[in-house]
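Numbered by the UniProt record's numbering, the letters in the sequence shown go through residues 1 to 351 in order.
Honestly, the hints are just simulated from the structure, not real lab data. Keep in mind that this is a model prediction, so the values were computed, not measured. Treat the hints with caution; some may be incorrect.
With a Cα cut of at most 30 Å, we get these calculated DSSO-like pairs of lysine-lysine [unchecked claim]: (1) Lys330 / Lys300; (2) Lys198 / Lys241; (3) Lys330 / Lys342; (4) Lys300 / Lys347; (5) Lys334 / Lys198; (6) Lys341 / Lys321.
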Amino acid sequence: MASASFVKINASAPQWIGQQSFSQRRGGSSARRVSASPIRASAYSDELVKTAGLVPLPGSNNESWCQGLDGLASRSAEYYKQGARFAKWRTVVSVPNGPSALAVKEAAWGLARYAAISQGTKDFFLGHDSRGPVTANRKSDQCLEVLQDTICIHLYQLYLKKIVLLAVSDNGLVPIVEPEILLDGDHPIDRTLEVAEKVWAEVFFYLAQNNVIFEGILLKPSMVTPGAEHKDRASPETIAKYTLTMLRRRVPPAVPGIMFLSGGQSEVEATLNLNAMNQSPNPWHVSFSYARALQNTVLKTWQGRPENVDAAQKALLVRAKANSIAQLGKYSAKGESEEAKKGMFVKGYTY
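Build the full structure now, drawing on both the sequences and the hints.
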């Protein structure tokens, strides 16, 4: 991935960037070498995208489901040996197509099974005090400090506050749970809220059914926004209000981190919305795990040319710094480029 190259060779990047992701080889059973150790040496974490891709869901309203559970346990163990510490499973929910009860259940069940397999947890204990780990009267013979390598550099604040999960685990990966509610459609924001609440209620029901440890997962939700084709735009304050309402109704405070995806928002929109959500205290660490909203200007600046690498690095750090400040609630859009303000919604977008 191009941005990974920029991060590795830029000495100031670790101040703002704490994670990059790798994708497994689709259709293959062998694990891809992730070359993780150079990243961890610079306080990064490595995230493995473990799905095998979206395919049509029979019996649904032209909806999709995410395959890849077969052999996931053995692949997870192998990826851990290679240096991965986090994993991500993305599935999608379409508002214009329903969503059907079948699609919501399939998405929630798949995410829950993936999370349980990734954790593979037999036992765990939480926290530290001045005398060492707080064991909650549970035995352990091997411990993995899953927040030692952070998904985002500001999640390290959780570690500094002693909110630390130690897990005795078969596979040792922290699952990132991502049911993306697509921006496609002309529906109002209230409809998105209704769908989001339904989806996340189902997700946490099946996470509990599969004995997933909530303290050992991260969430990567969509923000609650109107459909991209709706006639009215919502302000960052409105999006923050609706999104936080949904999260407070559906997400237990035991979950340590909310790492928003950006979808098709512009770079500046995604940052402004994140900033608005951090204007008041939240029971979780509210941060970002953006793709397009970090990469768009970077890739347009780079254009695949070696002579543009320095400029692309600077563009990456501008976006990373802006979002790092936004998760503290202190971001200002003053001075942002026109390119960063351009929306990136593509109808029917897939990756």
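Against the structure, the hints come out as follows:
no.	hint	in the structure
1	Lys330 / Lys300	holds, 27 Å
2	Lys198 / Lys241	holds, 18 Å
3	Lys330 / Lys342	holds, 22 Å
4	Lys300 / Lys347	holds, 21 Å
5	Lys334 / Lys198	violated, 37 Å
6	Lys341 / Lys321	holds, 16 Å
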